[in-house]
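Protein chains in written order, with the UniProt record's numbering: chain A, 1 to 217; chain R, 1 to 217; chain U, 1 to 217; chain S, 1 to 217; chain V, 1 to 217; chain D, 1 to 217.
Hint data in this document are derived by calculation from the structure and do not stem from the laboratory. Treat each hint with caution, since some may be false.
Said to hold, decoys possible - Each computed DSSO-like pair below joins lysine-lysine, with the alpha-carbon atoms no more than 27 Å apart:
1) U:K141 - R:K137
2) R:K208 - U:K208
3) S:K141 - A:K208
4) R:K208 - U:K141
5) U:K216 - R:K207
6) S:K208 - A:K137
Keep in mind it's a predicted model, so treat the numbers as computed, not measured.
Protein chains: 6
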Amino acid sequence: MAKPVVIVLSIIALNVFYTAFAFGPIPLQDFCVADPTSSTRVNGLPCKDPATVQADDFFFSGLHLPGNTTNPFGAALTPVTVTQVPGLNTLGLSIARLDFAASGFIPPHTHPRATEILVVLEGSLEVGFITTNPGYKNFNKVLEKGDVFVVPLGLVHYQRSVGTGNTVAIAALNGQNPGIIAVPSAVFGAEPAINSDYLAKAFLLDKKIVEELQAKF
Amino acid sequence: MAKPVVIVLSIIALNVFYTAFAFGPIPLQDFCVADPTSSTRVNGLPCKDPATVQADDFFFSGLHLPGNTTNPFGAALTPVTVTQVPGLNTLGLSIARLDFAASGFIPPHTHPRATEILVVLEGSLEVGFITTNPGYKNFNKVLEKGDVFVVPLGLVHYQRSVGTGNTVAIAALNGQNPGIIAVPSAVFGAEPAINSDYLAKAFLLDKKIVEELQAKF
Amino acid sequence: MAKPVVIVLSIIALNVFYTAFAFGPIPLQDFCVADPTSSTRVNGLPCKDPATVQADDFFFSGLHLPGNTTNPFGAALTPVTVTQVPGLNTLGLSIARLDFAASGFIPPHTHPRATEILVVLEGSLEVGFITTNPGYKNFNKVLEKGDVFVVPLGLVHYQRSVGTGNTVAIAALNGQNPGIIAVPSAVFGAEPAINSDYLAKAFLLDKKIVEELQAKF
Amino acid sequence: MAKPVVIVLSIIALNVFYTAFAFGPIPLQDFCVADPTSSTRVNGLPCKDPATVQADDFFFSGLHLPGNTTNPFGAALTPVTVTQVPGLNTLGLSIARLDFAASGFIPPHTHPRATEILVVLEGSLEVGFITTNPGYKNFNKVLEKGDVFVVPLGLVHYQRSVGTGNTVAIAALNGQNPGIIAVPSAVFGAEPAINSDYLAKAFLLDKKIVEELQAKF
Amino acid sequence: MAKPVVIVLSIIALNVFYTAFAFGPIPLQDFCVADPTSSTRVNGLPCKDPATVQADDFFFSGLHLPGNTTNPFGAALTPVTVTQVPGLNTLGLSIARLDFAASGFIPPHTHPRATEILVVLEGSLEVGFITTNPGYKNFNKVLEKGDVFVVPLGLVHYQRSVGTGNTVAIAALNGQNPGIIAVPSAVFGAEPAINSDYLAKAFLLDKKIVEELQAKF
Amino acid sequence: MAKPVVIVLSIIALNVFYTAFAFGPIPLQDFCVADPTSSTRVNGLPCKDPATVQADDFFFSGLHLPGNTTNPFGAALTPVTVTQVPGLNTLGLSIARLDFAASGFIPPHTHPRATEILVVLEGSLEVGFITTNPGYKNFNKVLEKGDVFVVPLGLVHYQRSVGTGNTVAIAALNGQNPGIIAVPSAVFGAEPAINSDYLAKAFLLDKKIVEELQAKF
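Turn these sequences into a full structure, and let the hints guide you.
This is the structure we're talking about:
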């Protein structure tokens, strides 16, 4: 069972790799559409010639299409960030579609560079975030169709389908590249691996279990 | 015909009055949930006692419900900003639902404190924004179901239904209170009225027409 | 009568094209003087070699010279932004001179990326801005010599000479490239044109009048 | 063995509760020293009367004293944030002392509102952070006396003593209240508890183990 | 000769005390007019009830009036900051008038929270700023009527009249309360006095001279 | 005596030239490690290919080594800014070691782009900063081992050893390149020299003494 999980995790990780989310700068011109052909690298992305900018640079198509949830998570993320829409560069905003099969979920994660607001379009979704001050308190709700919930900047949060059918949500994040850190993958799937003795102590787990997790992630 | 328009404009204006949108600060704590009972006024809003904060402070219900488009605009805006969700305070984000009957529209407007990203859930919507550099160029698209479009910070933009049925969209803005300035109302509906000779010259309109507009708005 | 207006509007638009205004970032070095020869494009502008920077990079001459107000507006704008003074890059500030003949005016406009403060040096100038929250309220003053007025970020505002002679003002904006959106030009002069049925409904104007305006702007 | 861990975790959590860290705003005055007696709550903290401000408001004593590492972590954190030094309010900076006994560690954690730089004063400390783009890559170093390492904003990172004696480090964070989210506590120690079926699937652990962890944390 | 200097320095210092300048936050509403009656203190200033805000809150009169230059500096500063114009609160901008008699000057100073742009209205003014990277390089110009010069954020700069008559300039700063640190007063006029042995060594001056300076400032 | 001073000042100035400090932007990606080989210049620094980034890009070694205080200041500064650690780019933070022999000192200076927090590791150090509002008030403390002090953004401050032995401190600044302006060098050592008549009047010094200082610095 571990192998398929690893593969799918890698797919999602790759997906996120090329599509990560955001919060942002103050634009200094009407727009600064990201130039995919530039070899220069800056905070954010360099811009293309304004004279060549088209409406299509601010456009994305396909957010009505369900993501493929046939994977161990029973979930799919369709991001619309600066990677998909170059016109988002410098503008500090992105959007995404979340799909969940029954019992689908997204692992506990943080967005290091964005607050998130999400609205459920169909199904039932439990969403919760954990604060540290007040300490390790879980603010959570079961969201039904039309419900909205907010996750403050950088906090650990989770989403899991609690309905019997498919669940769909739209999430907006105030960053062009908000980032997503899936906690289990970051902790147990890091390359090179984090010392297993350390993880065993930090998570109060047997070292053997930690090493199994590290093999799986 | 002018009277009903005036009334509806007032309703929408009032609606916006209490619900205006945003872009934002950097949070200095996990959250700073707006305290509606505070008499202190600051940039943004003062916060309530963290010990009394509930998950409901980050929650809103009802975005699945169509807005009432039985008005001269044939359109409705259902905002979810810091006014509706006090937990959005300091977090720089908001969301809204847009409903359009056939031929419904939102007048040309700007958000002085936010970039906007919107996704069409059903129907057909033309969206365009006008840049000033390059000068007075109209970047526009007709969006179908699942299409996404971005409107950069502060630019004049417009939305009009171009389908035969209802159109629904979700818009996200990177501000807790982004503001909405409907250009016709701001120009012709300002109180006290802007000098009509001036408006006639600025808009290349007969003064009489300007004064009629000022009576209507 | 339409033709000269169009021409002059184009001149001013072009002027603004190459001279747009601003609000801004946080500088990360003593200065980052814009390099006009760089082919790289970023948020703001790339910098020239600090070793080649001169005092002249922070200098502009000629703000004592009246602008040419022999145009349908009876007004002229002399901007001093990052386009004129490359040393302003990353520093979030610009300045401009405004000249008005008797009855001269600047159409209703916004600066999408700056607050404005202006001081009248001679003549009489009515200045007003319209807020949306409180809704469509016109905060306006007639300014005489030595009077100062502030226009908050992104709000629609107007300036019109109300004296019998020339009026001169200095305006400062907290952006290196604040932008200027002349509302009539953005709405009726956009290229490609905004749908005239839509504009007719949004402005409560006859479609024929809208199309005449679109021909003029 | 579980019990003492729980207690110590609580102590540390409480400690963090009242002392959490940060990144920040732009000060609008020379200083805005936090007023502990104010009942008003804002983003950051309200300020005391400048006339009553003393040098002591910018002062803290005791960072030479080793923290008590006689706990299951073998580690101690002595924070100097806006909670300890009210003069840090609005200034976007804080500092802390870290103590480790041999084999001491701090669990994987993030600072949601700060970048961290740390310098080792004595001993040997492995520090690593995990990026998501590139995906789940572990950037880590073993730091000896005089070594410095940087952890970018919001990323998961870990610290563990790898020497045979005590290890001491000074960490600076660019926030007055950077926050600290210990991943194991946030995930397994949240109150109310996160659904154990969900955690089991997300972490690829037996539900029974998850429930044991939830009992421990 | 020392006595009058001390008095005038005090007057200017007091003037600055109550009128200090700025750079700033991002406004979260159309305006947040400073409320002088509030006893709450925050970063910037608390706001008054929007319903009571008037156009006068954004207005200042008198910048055409020469300041009184009959003082040892032969110079006068008339600031228009948030202290004079409460509507500037949260908007990150201020303006000032500078008057110089022949040979008048402003001592070397910095604005800790603003970039400055200034335009000479009449007379001749030498302005220079010193960078540290490149190191201790003096970027300076003699400005005549209509000339504009920029001083980057936080750098030491100086202004001295070099004409035979009066000199007048308008300066804009991108802060509501930019602050002004006159270097000689800060160094030699601090209360309590900075150790004179230290100042003697730092400035390569005789301790006796330092103590004379400290008596004068 | 002047010659050696000049030389050492130059050494320190050069040191600062290549090592200047900071406050900062908001990162738009996990990291943006400065690329020393890039010929492009931007606000901050362009980034290297993320695929080539190593842990060493976030690492610095040697802060345990005393700086060489055999100079007229009896002090040494060992900076760790974006110049030494390219991984600090866009992250808004830096650190430094300060060494003082008995009676060693750092001249009055400002950091134009950072707040500073420092902790004394050994010895005795007087630190003070001067505010302008309240006006020219000296907030100062003698710091012993383990004491911490904060210097707000942009304010003039000083550090002088008051112990009989060596003094060591660690300072953190919330900027990748905070800048350091040594007041005596900026005022009396600027190139080209500031007019000596002006400096004499501004500092209430004999012109002859000013010219001697200018020869020394």
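Hint by hint, here is what the structure shows:
1. With a C-alpha separation of about 33 Å, the suggested pair U:K141 and R:K137 falls outside the 27 Å cut-off, and the hint is violated.
2. Of the pairs offered as hints, the one joining R:K208 and U:K208 holds, with about 16 Å between alpha carbons and a cut-off of 27 Å not exceeded.
3. The suggested pairing of S:K141 with A:K208 holds, with an alpha-carbon distance near 25 Å, which does not exceed 27 Å.
4. Straight-line distance between C-alpha atoms of R:K208 and U:K141 comes to about 24 Å, which keeps the hinted pair within the 27 Å bound.
5. About 17 Å separates the Cα atoms of U:K216 and R:K207, which keeps this hinted pair within 27 Å; it holds.
6. Pair hint S:K208 plus A:K137 holds up; C-alpha atoms about 22 Å apart against a cutoff of 27 Å.
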